[in-house]
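Protein chains: 2
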Amino acid sequence: MTAPLRTAESTTASAALMHDLGLRARQAARVLALAPTAQKNEALAAMAQECRARRADILAANSQDLAEARASGAGAAFVDRLALDDKRIAGMAEALEVVRDLDDPVGAVMQSWTRPNGMSIERVRVPLGVIGIIYESRPNVTADAAALSLKSGNAAILRGGSESHRTNRAIHVALTAALARSTLPEAAIQLVPTRERAAVGMMLAGLDGTIDVIVPRGGKSLVARVQEEARVPVFAHLEGICHVYVDRSAKLAMAKAIVLNAKMRRTGVCGAAETLLVDVAAAQSHLAPLVTMLLDAGCEVRGDEAVRRVDARVKAAAEQDWSTEYLDAVISARVVEGLEAAIAHIERYGSHHTDAIVTEDAARAERFLREVDSAIVLHNASTQFADGGEFGFGAEIGIATGRFHARGPVGLEQLTSFKYRVRGSGQTRP
Amino acid sequence: MTAPLRTAESTTASAALMHDLGLRARQAARVLALAPTAQKNEALAAMAQECRARRADILAANSQDLAEARASGAGAAFVDRLALDDKRIAGMAEALEVVRDLDDPVGAVMQSWTRPNGMSIERVRVPLGVIGIIYESRPNVTADAAALSLKSGNAAILRGGSESHRTNRAIHVALTAALARSTLPEAAIQLVPTRERAAVGMMLAGLDGTIDVIVPRGGKSLVARVQEEARVPVFAHLEGICHVYVDRSAKLAMAKAIVLNAKMRRTGVCGAAETLLVDVAAAQSHLAPLVTMLLDAGCEVRGDEAVRRVDARVKAAAEQDWSTEYLDAVISARVVEGLEAAIAHIERYGSHHTDAIVTEDAARAERFLREVDSAIVLHNASTQFADGGEFGFGAEIGIATGRFHARGPVGLEQLTSFKYRVRGSGQTRP
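Protein sequences, first through last, are from chains A and B.
All you need for this note's numbering is the position in the first sequence, starting with 1, plus 12.
All you need for this note's numbering is the position in the second sequence, starting with 1, plus 12.
It is worth saying that the hints were derived from the structure and are not from the lab.
It is possible that some hints are incorrect.
Okay, the calculated beta carbon distance ranges per label pair [stated by the list, open to error]:
1. A/R209 to B/A83: 54 to 60 Å
2. B/R209 to A/R127: 40 to 46 Å
3. A/A89 to B/P442: 21 to 27 Å
4. A/R209 to B/H31: 30 to 36 Å
Just so you have them, the derived chain B footprint on chain A, three or more residues with Cβ under 8 Å [what the hints assert, rightly or not]:
5. 129 to 142
6. 377 to 390
7. 400 to 412
8. 416 to 422
9. 430 to 438
All C-beta atoms in this analysis are idealised placements derived from N, C-alpha and C, irrespective of residue type, glycine included.
Using the sequences plus the hints, can you model the full thing?
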């Protein structure tokens with residue numbers, strides 16, 4: 013009987029603790045919403061300084077996390093995501109300064125107009141409130157997500173992976189030390205102090221109405237759980253099944269450059285291409301060079317009949333390949349009966365993330381850009397540009413494939429809401 | 013045993029029927045998203061014609077609904093909301109033509125910029141998809157909501173109140189006849205054909221992923237149920253606890269005009285003022301004239317100590333009055349210790365809908381506009397301007413107090429999402 017009782021007590025304790033965390037975040041959000049830009053920028057500069065000054069503490073915590081991970085048999089990729097060194101800490105501090113230097117979205121006038129009765133109406137950006145960030149192994153998310161939340165006037169509640177809990181705590185100590193030196197509330201950035209999994213469930217339920225939005229950062233199973241269970245809005249994408257369609261009027265050299273970059277520049281990012289579609293009218297001239305290029309670059313190709321005829325190294329694609337996000341040096345490839353078939357394929361198998369057409373035909377390009385229902389559609393450019401930095405947003409907290417509020421790269425502006433300010437001179441409504 | 017079995021069968025049948033409805037809406041949404049403006053406008057014009065041409069059918073159905081409502085003892089206000097006559101049908105048809113004449117938001121470029129590598133990026137409006145509208149007695153919502161959905165390129169699934177089901181059906185027959193004459197799919201506007209309450213639950217669950225957003229139109233209990241149960245985004249406000257704060261530097265004449273209009277122009281709308289806050293520094297000169305004016309206009313006043321001393325007709329306000337939306341000729345009133353106290357009162361008791369300050373002091377006005385966290389904040393203008401038409405949106409499907417996607421009046425633009433179109437010349441990512 014002892015074990016269940018202890019669990020119940022512990023859950024009650026963490027529920028109370030999480031409830032307080034939410035209330036503190038809500039109070040901090042009220043202060044942050046009205047904080048002048050200079051005040052937020054000073055805090056961000058101090059955060060960068062403290063991360064640099066506390067480098068040794070952060071590395072010590074990280075080496076403990078790494079030792080535990082290795083002892084429990086974690087793979088090399090996992091250990092690499094978790095590991096910090098001087099260079100990575102310097103990068104983290106620089107990222108804080110990049111966010112400091114971005115324009116403050118809060119208070120920006122998005123639109124303004126005057127009504128016939130003389131009232132002027134402005135639509136101005138205001139923060140969202142409290143952002144809950146649930147992430148896995150990369151500890152730099154602690155600083156990155158906190159900085160984006162703070163600059164956009166939002167309070168952050170961070171729940172990192174338990175495998176990096178010591179590192180996250182050390183980074184959070186540095187951030188909090190900077191806040192203590194500033195005039196902003198320390199509760200602007202809170203780290204969930206319990207490793208209990210129940211804490212995640214409480215966050216997904218909105219933490220008694222105190223969390224306004226959840227941003228998951230991590231693998232597909234984390235995102236799937238968040239999308240399934242969250243009772244508050246979520247900014248996320250479950251997967252990036254991105255396509256490159258090589259049209260009949262594509263230049264071969266450009267198609268080769270874009271396909272190679274879209275697939276192979278980095279295979280583990282959500283904007284990496286997973287499927288190559290080649291117009292049947294371009295197949296004779298373009299298919300073999302594209303497929304051979306990919307194979308020679310070390311990419312496994314899984315193709316339909318036509319693609320398999322090109323090279324013996326091509327494997328047969330199964331139906332499920334068309335809806336698989338490999339995140340690896342693997343691509344599915346097929347020949348399609350022209351533009352319309354390409355669009356239909358993307359509609360059926362894609363994930364509404366990022367898709368590209370390569371063509372010299374402007375009308376066909378415009379039709380693709382119009383009809384493909386994805387957050388990002390590109391003409392003659394690589395899908396790997398699906399990134400807030402590449403869009404000029406300065407930094408991003410993630411990429412969203414939902415249709416509400418934020419879609420595509422989620423930068424500072426997407427972390428805001430708006431309100432209407434109306435200025436009159438005594439107007440009453442007839 | 014028979015009754016439960018029948019219920020189970022019937023629920024299964026309506027689940028299948030609702031599932032099909034959702035799939036048809038999703039298919040229609042795909043066509044609507046790409047429909048040219050002229051095609052949508054022709055359909056809207058035809059809808060107005062059919063409503064006029066089928067006036068007799070609609071009135072006949074309405075008189076049956078009215079007879080049933082009267083027989084079941086419905087009150088006068090309820091019957092008035094339900095009742096149609098020639099003038100109301102003409103108004104409904106005109107409203108369809110108003111929406112036809114509004115600018116089409118779909119395809120509008122919201123922002124565009126060029127990256128250093130020469131890629132141009134555009135953020136363009138696209139429809140949301142499928143909108144579920146759940147409404148109560150007013151049958152004109154059938155036409156209004158359908159028109160706004162269609163013009164913004166969205167498919168609509170309408171679930172009207174069961175007390176107006178014959179009228180809604182007759183209006184829907186008219187709309188569908190117009191769609192049949194057009195080149196748009198008839199499933200662009202579907203009316204849920206079952207009166208079973210389970211259908212609402214299915215819609216709130218997202219109808220197997222086919223509904224993208226729910227808009228409730230009706231009383232507080234409907235909105236509360238929708239906000240509580242919906243697993244998809246909701247555009248709504250639960251209540252409008254709107255304040256007018258009369259500052260120390262308010263002109264009395266202006267304050268009187270705004271307070272009277274804000275409270276009494278129409279007491280049943282969400283933008284009607286429910287609480288009057290008077291700055292203690294203005295109380296001696298302004299309080300008595302304001303309170304007397306309201307009482308003389310037939311408004312019940314529930315006040316704090318200071319307000320009660322003004323006039324014997326003032327009743328004592330209880331704590332719950334400050335958070336009550338009367339939607340009637342009743343107002344709560346209190347004296348506050350200046351601007352900061354007014355803002356604190358609104359933060360504590362308000363519903364983040366619409367709040368106004370009356371003052372001649374620009375700095376104090378700006379502070380109110382900045383610090384009051386409501387969808388609409390006004391300076392020297394009546395809260396009754398909280399309306400899409402008054403904002404110049406042409407028409408609205410409702411007012412939202414959430415912070416996501418839509419806030420304030422929800423017009424055509426708020427019924428859209430966006431996507432990014434990127435045009436390159438062979439760019440790959442370094």
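Evaluated hints:
1. A/R209 to B/A83: 54 to 60 Å: 56 Å, holds
2. B/R209 to A/R127: 40 to 46 Å: 42 Å, holds
3. A/A89 to B/P442: 21 to 27 Å: Holds: the Cβ-Cβ distance is about 23 Å, inside 21 to 27 Å.
4. A/R209 to B/H31: 30 to 36 Å: At roughly 34 Å between Cβ atoms, B/H31 and A/R209 fall inside 30 to 36 Å, so the hint holds.
5. 129 to 142: holds (count 5)
6. 377 to 390: It holds, with 10 qualifying residues against the three required.
7. 400 to 412: With 3 residues closer than 8 Å to chain B, the stretch 400 to 412 of chain A meets the three-residue bar; holds.
8. 416 to 422: holds (count 4)
9. 430 to 438: holds (count 9)
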